[in-house]
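S.K.: Quick mapping for you: the protein sequence lines, in order, are chains A and B. The first sequence maps to residues 1 to 395 in the working numbering. The second sequence maps to residues 1 to 278 in the working numbering.
Any given hint could be a false lead.
[As the list claims (entries may be wrong)] Chain A regions said to be covered by chain B (calculated; three or more residues, Cβ under 8 Å): (1) 227-235; (2) 250-259.
[As the list claims (entries may be wrong)] Think about it this way: if two alpha-carbon atoms lie no more than 27 Å apart in a straight line, the pair counts; the simulated DSS-like pairs of lysine-lysine are: (3) B/K176 x A/K390; (4) B/K131 x B/K176; (5) B/K208 x B/K53; (6) B/K134 x A/K390; (7) B/K131 x B/K53.
Everything labelled a hint here was simulated from the structure, so no lab data went into it. As the structure is a prediction and not an experimental result, all values here were calculated from the model. We treat Cβ as the ideally placed atom computed from N, Cα and C, and that holds for glycine.
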Amino acid sequence: MRAFAILALAMVLSGPAPAQEWRGQVSAEYRGFTHAGLDPDQHRGYASLAAQSEFRTAWQDGRQSLVFIPFYRWDQHDRRRTHGDVRELLWLYAGRGFELRAGIGKVFWGVAETQHLVDVVNQIDLVEDPDREDKLGQPMLGATLFSGAGNWEVYLLPYFRERTFPGEAGRLRTLPRVDSEQEALYESARGARHVDAAGRWTRTLGAWDVGLSYFRGTNRAPRLVPGLDVAGQPVLLPYYGQLRQAGLETQATLDRWLLKLEAVRRAEADATSRAATAGFEYTLPGVFGGPSDLGLLAEYLYDSRGAAAFTPYQDDVMLGMRWTVNDAQSTQLLATVILDRRTSERAYNLEARRRIRGNLTASLEARAFHASEPDELLYSVRRDDYAQLKLTYYF
Amino acid sequence: MENAPSPKIRGAGALPVLAVGVLLAAALTALVTPARGAQSDAERGLAIAREMKARDRGFSNATATMRMVLVDASGGETGRELRTKTLEGGDDGDKLLAVFETPADVRGTVFLSHTHRDRADDQWLYLPALKRVKRIAPANKSSPFMGSEFSYEDLASAEVTKYRYAYRGDEIFEGKPRFVLERVPVDPESGYSRQLVWVDMDRYVPLKIEFYDRRGDRLKTLVAREYRQYLGRYWRAHEVRMENHQSGKSTVLRWGDIRFRQGLNEQDFLSASMARAR
């Protein structure tokens, strides 16, 4: 990982005067919870500040480039949410018919909205947002080959990143908490140094986009096993097993319809399982007599492990709508509900975003959870309904 | 948006003085040949549209910068800046790619469009914060691009097969007689019932376009100005103004730094390579 950085730096220094740019963003947010937490260590309100900057340089006519994106967050109460990360430190070489990359990077695979089953390269930065859309930078060596028969991507992933979990004073967490200060447990004797590999083939066939992927290595999603913290209190400890996962993703883009499917088959030490997300987004252009668009979303979420899965989505339905106002302020609103077909679990989600002035945006996020049985996964967050207001300034 | 990109705003045209005679003769031949005796209005309209496209053939690829100024009904202005790349289509339509520079919160977002002659265009959006490429529904073609008065379809390349045509006579516009071309979109998802295009008779570029909504009412008017010639052949407008008569809003596009034949190829216009498009 350090070697990549040195390599990349050496390439910058050896090239002709490169084009450079330096940008950044800072954000301030406040999360307010409707109820006191289940754990007395938890608070009702959390203020937080975050900064991310982005340095880019390109040379050799743009064929080579380097990007560096450091990130840091401070949280008023949650010591585990106060954290930093190198989101990217990536050297890219674009050749004729191929691309090479080395360093720390981020990759997105898949088509679904609610959960990203085939998206296995990066670890989730869970303390950022319970929606699991934020990721930690992943050390990688990668190559993409473009051909008439589709695009081939391969990655060698030499170092594993542990998932982040809220700390003792944090909310939106399990009870007892996950103790990520202790050394994590691994199936592989090489632990975090196990070298993982991932590959994907994608192709566009008219209205259809298809992708097939394969991953072999340390499962990004840990199992949580009972343990004790340094004070002898019960906690959950993350256990990272070995995983072989084959994935399929496809989207059909048919006028007003986007039809989506993601499916995976996972082989772990003790069992194999299957999971899938299937759904659609239907767009109504020009609603409410103006230029705005309304998208209607529905997805079905399935996991063959059922109640044993460490995900609340085993047999769930997501219904939602996305309102894109198409105004000068790029106002957007997304509202969804996820209903468990077997248990009482429900998760409500509202996200809204608007540009206030040239460099300043405001976003509002509100989430609510419902669960009534102690064996339900959302039971530990049943009193964690919250609203969050965030202002972000770009420079 | 694409200007050099915006093919609609692109045409061919006025030529060096010495070549004028020859090329005019060629153009006239092109207009006259398909007709036996008197041409119908539909045939003549199609011939004009074909000539507009033909005059632009061979540009290969181009890059440009675009500044977009959104003017609301009370005169308030908001700016956006983009960089665009265009690749001329061979057997199919052109390919267009736009990278957003401002507003700052969408910086690095990339829009890619593959125009097709005989079916709906393919369009993708790359969201840099998520590293996610999203294919977008073609039904969105009538939606505003970046909150402007230009819709996605206004910015797609003007492929001849996307419309049915009729020549509607000559009319004086800005002091000279112009062809008036009526075109009716073939795609039922288009936001328009028809368009009227005022075409420069020498350069075969659009000078003004009136857009009529699905109800048949006049919705918007586009005026393209400051045409300059590149490579001794290709005409590009440097200011394109779109006025919405129903909302009172308008958008002005200013093109700059237009460069032809920048060595771009198919690989620069793949949805799989959008992440490095900036």
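S.K.: Now tell me, hint by hint, if it's right for this structure.
M.R.: Verification of the supplied hints:
1. For the stretch 227-235 of chain A, the assignment as covered by chain B is violated, since 0 residues bring a beta-carbon within under 8 Å of that chain's beta-carbons and 3 are needed.
2. With a threshold of 8 Å between beta carbons, the proposed coverage of the stretch 250-259 of chain A by chain B holds, since 6 of its residues qualify and at least three are required.
3. The hinted pair formed by B/K176 and A/K390 fails the criterion: a straight-line CA distance of about 56 Å is larger than 27 Å.
4. A threshold of 27 Å between alpha carbons decides the hint, and for B/K131 with B/K176 the separation of about 51 Å lies outside it, so the pair is violated.
5. Simply put, B/K208 and B/K53 have alpha-carbon atoms about 17 Å apart, close enough for the 27 Å limit, and the pair holds.
6. For the proposed pair B/K134 and A/K390, the alpha carbon gap of about 25 Å is at most 27 Å, so the pair holds.
7. About 36 Å separates the Cα atoms of B/K131 and B/K53, which puts this hinted pair outside 27 Å; it is violated.
Hints 1, 3, 4 and 7 from the list above are not met by this structure, while the remaining hints are.
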